[in-house]
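*Asks:* Turn these sequences into a full structure, and let the hints steer you where they fit.
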Amino acid sequence: MAKYAAFSRVAVARAGRERGDLYGRVAFFAVILGVFSSLWRAAAEAGLCVAIEPRALVWYLAVTEWIVLSAPQVHLDIQEAIRAGDVVYRLGRPVSYVGAEVAAAFGVLAVRLPLLGLTACVCAFAFTGWIPPARAFAMAVPFGLVAAALLAALHVWIGLLAFWLHDVSPVYWVCQKLMFVLGGLMLPLAIYPGVIQRIAGYTPFPALLAGPASFMLANGGATPAALARDLAIWCGVTAVGLGWTFRRAATELTINGG
Amino acid sequence: MPPAVELDRVSKSFRVRRPRRPGVGARVRDLLRPRTEAVTAIDRLSFSIAPGERVAFIGPNGAGKSTTLKVLAGILHPDAGEVRVLGLVPSHERRRLAFQIGTVFGQRSQLWYQLPPRDTFELLGRVYDIDRLEHRRRLDALTSVFEIGALVDTPVRQLSLGERMRCELVASLLHAPRLLFLDEPTIGLDVSAKAAIRELLRTGSEREGVTLLLTSHDTGDMERVCTRVIVIHHGRLLWDGAIADLRRGYLKTKRITLWTEAERLDLALPGVRVLSSGSYRTEIEIALEITPLGQVVDAAVRQAAIRDMVIEDAPLDEVIRTLYASAEPRQVTS
Numbered sequence: 162m163a164k165y166a167a168f169s170r171v172a173v174a175r176a177g178r179e180r181g182d183l184y185g186r187v188a189f190f191a192v193i194l195g196v197f198s199s200l201w202r203a204a205a206e207a208g209l210c211v212a213i214e215p216r217a218l219v220w221y222l223a224v225t226e227w228i229v230l231s232a233p234q235v236h237l238d239i240q241e242a243i244r245a246g247d248v249v250y251r252l253g254r255p256v257s258y259v260g261a262e263v264a265a266a267f268g269v270l271a272v273r274l275p276l277l278g279l280t281a282c283v284c285a286f287a288f289t290g291w292i293p294p295a296r297a298f299a300m301a302v303p304f305g306l307v308a309a310a311l312l313a314a315l316h317v318w319i320g321l322l323a324f325w326l327h328d329v330s331p332v333y334w335v336c337q338k339l340m341f342v343l344g345g346l347m348l349p350l351a352i353y354p355g356v357i358q359r360i361a362g363y364t365p366f367p368a369l370l371a372g373p374a375s376f377m378l379a380n381g382g383a384t385p386a387a388l389a390r391d392l393a394i395w396c397g398v399t400a401v402g403l404g405w406t407f408r409r410a411a412t413e414l415t416i417n418g419g
Numbered sequence: 010m011p012p013a014v015e016l017d018r019v020s021k022s023f024r025v026r027r028p029r030r031p032g033v034g035a036r037v038r039d040l041l042r043p044r045t046e047a048v049t050a051i052d053r054l055s056f057s058i059a060p061g062e063r064v065a066f067i068g069p070n071g072a073g074k075s076t077t078l079k080v081l082a083g084i085l086h087p088d089a090g091e092v093r094v095l096g097l098v099p100s101h102e103r104r105r106l107a108f109q110i111g112t113v114f115g116q117r118s119q120l121w122y123q124l125p126p127r128d129t130f131e132l133l134g135r136v137y138d139i140d141r142l143e144h145r146r147r148l149d150a151l152t153s154v155f156e157i158g159a160l161v162d163t164p165v166r167q168l169s170l171g172e173r174m175r176c177e178l179v180a181s182l183l184h185a186p187r188l189l190f191l192d193e194p195t196i197g198l199d200v201s202a203k204a205a206i207r208e209l210l211r212t213g214s215e216r217e218g219v220t221l222l223l224t225s226h227d228t229g230d231m232e233r234v235c236t237r238v239i240v241i242h243h244g245r246l247l248w249d250g251a252i253a254d255l256r257r258g259y260l261k262t263k264r265i266t267l268w269t270e271a272e273r274l275d276l277a278l279p280g281v282r283v284l285s286s287g288s289y290r291t292e293i294e295i296a297l298e299i300t301p302l303g304q305v306v307d308a309a310v311r312q313a314a315i316r317d318m319v320i321e322d323a324p325l326d327e328v329i330r331t332l333y334a335s336a337e338p339r340q341v342t343s
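Protein chains in written order, with the working numbering: chain F, 162 to 419; chain X, 10 to 343.
Think of the hints as simulated: they come from the structure by calculation, not from any bench. Just so you know, not all the hints are guaranteed correct.
As the list claims (entries may be wrong) - Derived contacts from chain X toward chain F, CB cut-off under 10 angstroms, selection only:
1) Leu106
2) Arg117
3) Ser118
4) Gln123
5) Val136
6) Asp192
7) Ile196
8) Trp248
9) Tyr289
10) Arg290
Virtual Cβ for every residue (Gly too), placed ideally from N, Cα, C.
*Replies:* If you want it as structure tokens, here you go:
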């Protein structure tokens, strides 16, 4: 484990050096929360039917965006390493390639999650003047940490596709859009049509976003036990998928001659 | 002592997609059922390298050099034949082998671009399970030898190519490998940086007994660092021997420059080509198989008193070009 911790430490150092990226995420996060808090407040004042309290919706969004913005775009690093050929160095080391990439992604999370979490709390409070009960935080934060870690691992999985695909960005963007719709990125899934909710149930996206964020709502959909089960299942699926994909990728590397 | 590297009739081929055919129908068929062909990268390749040897491993582009290095490092698995590196089978014991080998790919980087080299060195210390004290001692020693003291805390992105290359070498040597694979270690470097890297490689290998297997298109790397050369072409062994023997074996010509009392010489001998003549200086090329060197010198002395004379071998580049030209075309099987 010490080896993988070393990869995380280097990634922490790297994330600390990329301050522009960090500040950009903080600013973007603040803007997103500001825009949507104004939108939902305006909708409520105009008498439009808003099933959920607008201030709770802002905190819901704060949690989903916290998870999404914290997850590093590690797929781009992997893609670049494969394109440039630097991957041969990484494959030749006495460590698991996938393990090292996941550990590095966790290192970036270790920097972003606290900073963006603080941003979420400060901005959501500033825009709503309200703080959800402590029980909501007690549930949303630990589940959110696990969800962010799972999302980072999914990004590693997308990155491994670069062994076959020249550009994995389309896969990433499809995944983003699916998170938008099936994960309840902007609005709780309960608002969506039944068919969407049923389809979403077969994907990891509700467990990644809507699940942890729903604790911010008065009548949130997720129960801790069900969410823990779903996250455990999807973590298992991702771990198996990463291992299987990497073994196939190693074969593909053979075909391409590195 | 067992060989550091031993290949016995090793073959490796890849399946690659055939070029697209014109026409919509053909394209759809290619999409549904891609047509592939087998390309042989290594073809029954055999050689062995003794511990501490410094060997140049050369061949034209696509000859199979990089594939061979990756097979030796355990990254690629051979289709046939046997490979042993430091007594281990790379494809089965890659992680064990990784502790004993180092790799330097001149066009790749193992240093974290945004961070100073020290961070990568620390990471590699962990990756290779190096004791902290030993790691510090080793890093101090390598920092001194490679003169990177002022660089280790500078972000890699701010280093010149030559500085980065020296740091790459330190990164590859930190775990004290017994065998170092070098793929174009001096590519893109200026003349003085090349000379420094070559000197460091040669003396480092001599001091620590590290076996070197170096691939390069730069004959200077071979001549300054290595004592032996293995040439492959189309994945097959073309030549294996001392660099001096390579020159002798393939040397068909010599060049002579003569400074004489006469303004110009008239050397109309078979196999002799006058490259330039005038201003008391004559440059000629002799085909040694046709006319011996001594006969040409005698003819020159008979025509005029010689003030000075330089006899040169053909450049190693030329020797290697001749060697490549003698090889057969690549075999492709559908």
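*Asks:* All the hints need checking, so say for each whether the structure fits it.
*Replies:* Now for the hints, and whether the structure bears them out:
no.: 1; hint: Leu106; result: 9 angstroms, holds
no.: 2; hint: Arg117; result: 5 angstroms, holds
no.: 3; hint: Ser118; result: 6 angstroms, holds
no.: 4; hint: Gln123; result: 5 angstroms, holds
no.: 5; hint: Val136; result: 5 angstroms, holds
no.: 6; hint: Asp192; result: 9 angstroms, holds
no.: 7; hint: Ile196; result: 13 angstroms, violated
no.: 8; hint: Trp248; result: 23 angstroms, violated
no.: 9; hint: Tyr289; result: 54 angstroms, violated
no.: 10; hint: Arg290; result: 48 angstroms, violated
In this structure, the earlier hints numbered 7, 8, 9 and 10 are contradicted, and the remaining ones agree with it.
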